[in-house]
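K.L.:
First to last, the sequence lines map onto chains A and Z. All residue numbers for the first sequence refer to this note's numbering, where the first residue is 1 and numbers rise by one. All residue numbers for the second sequence refer to this note's numbering, where the first residue is 1 and numbers rise by one.
Derived from the structure by calculation, the hints contain no laboratory data. Note that the Cβ used here is the ideal one computed from N, Cα and C, for glycine as well. Not one of these hints is a red herring.
Covered stretches of chain A, as calculated for chain Z (at least 3 residues, CB under 8 Å):
1) 48-60
2) 119-131
List time: in silico DSSO-like cross-link candidates among lysine-lysine, alpha-carbon distance up to 27 Å:
3) Z:Lys112 to A:Lys131
4) A:Lys251 to A:Lys66
5) Z:Lys77 to A:Lys131
6) Z:Lys112 to Z:Lys96
7) A:Lys131 to Z:Lys92
8) Z:Lys124 to Z:Lys92
9) Z:Lys96 to Z:Lys124
10) Z:Lys96 to A:Lys131
11) A:Lys131 to A:Lys116
12) Z:Lys124 to Z:Lys112
13) A:Lys131 to Z:Lys124
14) Z:Lys92 to Z:Lys77
15) Z:Lys92 to Z:Lys112
16) Z:Lys77 to A:Lys66
17) A:Lys116 to Z:Lys77
18) Z:Lys77 to A:Lys251
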Amino acid sequence: MTRDEAFLQFLLRMGDNTLILGHRVSEWCGVAPVLEEDIALANTALDLIGQTQMWLGLAGEIDGGKSADDLAFLRDAWDFRNVLLVEVPNADFGRTLMRQFLFDAWHSIMLGRLIKSSDERVAAIAAKASKEVAYHLERSGDTVVGLGDGTEESHARMQEALDYLWPYVGEMFASDDVDAQMVAAGIAPYPADLRAEYDALVERVLNTATLTIPESRFAHKGGRDGRMHTEHLGHLLTQMQWLQRAYPGAKW
Amino acid sequence: MRASTDQVWDWLDAVPDPEIPVISVVDLGIVRDVQWQGDMLQVTVTPTYSGCPATSVISMDIETALRDHGIDNLRIKTSIAPAWTTDWLSDKGRAKLEAYGIAPPQPAGGPKRCPHCGSTAVEKVSQFGSTPCKAHWRCTDCLEPFDYFKCI
Numbered sequence: 001m002t003r004d005e006a007f008l009q010f011l012l013r014m015g016d017n018t019l020i021l022g023h024r025v026s027e028w029c030g031v032a033p034v035l036e037e038d039i040a041l042a043n044t045a046l047d048l049i050g051q052t053q054m055w056l057g058l059a060g061e062i063d064g065g066k067s068a069d070d071l072a073f074l075r076d077a078w079d080f081r082n083v084l085l086v087e088v089p090n091a092d093f094g095r096t097l098m099r100q101f102l103f104d105a106w107h108s109i110m111l112g113r114l115i116k117s118s119d120e121r122v123a124a125i126a127a128k129a130s131k132e133v134a135y136h137l138e139r140s141g142d143t144v145v146g147l148g149d150g151t152e153e154s155h156a157r158m159q160e161a162l163d164y165l166w167p168y169v170g171e172m173f174a175s176d177d178v179d180a181q182m183v184a185a186g187i188a189p190y191p192a193d194l195r196a197e198y199d200a201l202v203e204r205v206l207n208t209a210t211l212t213i214p215e216s217r218f219a220h221k222g223g224r225d226g227r228m229h230t231e232h233l234g235h236l237l238t239q240m241q242w243l244q245r246a247y248p249g250a251k252w
Numbered sequence: 001m002r003a004s005t006d007q008v009w010d011w012l013d014a015v016p017d018p019e020i021p022v023i024s025v026v027d028l029g030i031v032r033d034v035q036w037q038g039d040m041l042q043v044t045v046t047p048t049y050s051g052c053p054a055t056s057v058i059s060m061d062i063e064t065a066l067r068d069h070g071i072d073n074l075r076i077k078t079s080i081a082p083a084w085t086t087d088w089l090s091d092k093g094r095a096k097l098e099a100y101g102i103a104p105p106q107p108a109g110g111p112k113r114c115p116h117c118g119s120t121a122v123e124k125v126s127q128f129g130s131t132p133c134k135a136h137w138r139c140t141d142c143l144e145p146f147d148y149f150k151c152i
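Produce the complete structure using the sequences and hints provided.
P.N.:
This is the structure:
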């Protein structure tokens with residue numbers, strides 16, 4: 001794998017995470033439990049889609065002059081490089097917010113490292129995105145605490161959400177040849193090196209939320225290398241890409 | 001004769017933000033640079049929030065305003081570094097925001113007072129408000145909700 005090929009994979013991983021999570025969160029638009037949450041979720045989705053335009057815009061430049069839209073709407077499931085965590089369905093509001101928190105915690109730490117990237121384009125995107133993600137993390141962390149340390153019903157649902165999602169956490173810290181090349185070039189950190197900081201942050205919030213972190217470190221994998229996505233990604237894409245598939249090149 | 005860059009800044013200061021029309025795109029601090037490159041005028045703008053739908057409207061409004069002033073050869077350059085910060089809001093813009101009912105950003109991370117009644121008894125409802133750049137607060141004295149232009 002050449003350096004450019006590895007760089008492209010890295011950019012797709014960043015951009016596909018924000019794209020797929022942004023789409024998932026946007027599914028709440030108009031149907032969230034209360035207006036304030038609806039607005040918060042829509043704003044979070046909007047930030048994530050905006051960040052996607054920057055990551056996939058840069059990926060497209062590396063990939064022979066494609067646009068961010070080309071990459072978002074004209075690739076099939078096996079070409080996506082997002083972690084499995086972001087493609088799991090929303091289920092109830094509690095699971096949506098738990099997924100958001102588990103991702104935001106990783107995202108904020110990762111972007112913090114990427115601000116120091118040797119590639120100035122990566123550093124610029126990370127600097128911009130990290131300001132937005134600080135608010136995402138504050139919101140999802142507060143809500144996880146509010147619901148976890150809430151009623152008997154909300155506590156039970158948050159624990160269920162954590163139990164369900166925890167096996168998807170490990171993939172964010174998996175490393176392969178792409179990561180090795182990015183580390184060697186000074187572009188990005190080893191994902192595994194973020195784990196200690198992540199565990200400290202997540203444990204602090206989940207303890208406050210009176211939730212118990214599962215002991216198992218088993219991790220579902222296959223998203224960030226595209227080897228095996230969950231069945232949910234294909235369903236998501238049929239909706240997200242429908243217009244461009246039915247009317248290729250359509251604009252408005 | 002081509003317009004001076006000072007003149008162009010004045011023209012841009014008359015282009016309102018599409019979401020908060022009491023302040024101009026210059027007050028908002030998103031116009032970073034204006035310069036002539038030969039016969040072409042280059043205006044550098046920086047987006048506020050990366051997904052803010054107002055960004056593309058702002059670029060279009062800037063272009064339309066300058067064309068109305070007779071500048072045909074122009075280019076809008078988008079720059080994301082250094083990232084936009086609320087520190088770039090002008091003092092004039094901050095005062096206009098408050099008069100309009102939007103509490104201006106504070107380094108402390110929350111509004112100094114209620115923009116309606118001036119009370120300091122305020123509390124946060126949500127980190128997110130009606131646009132990406134605002135949070136949702138309320139006053140516990142006059143009981144009115146209000147937008148807070150959040151710091152980034």
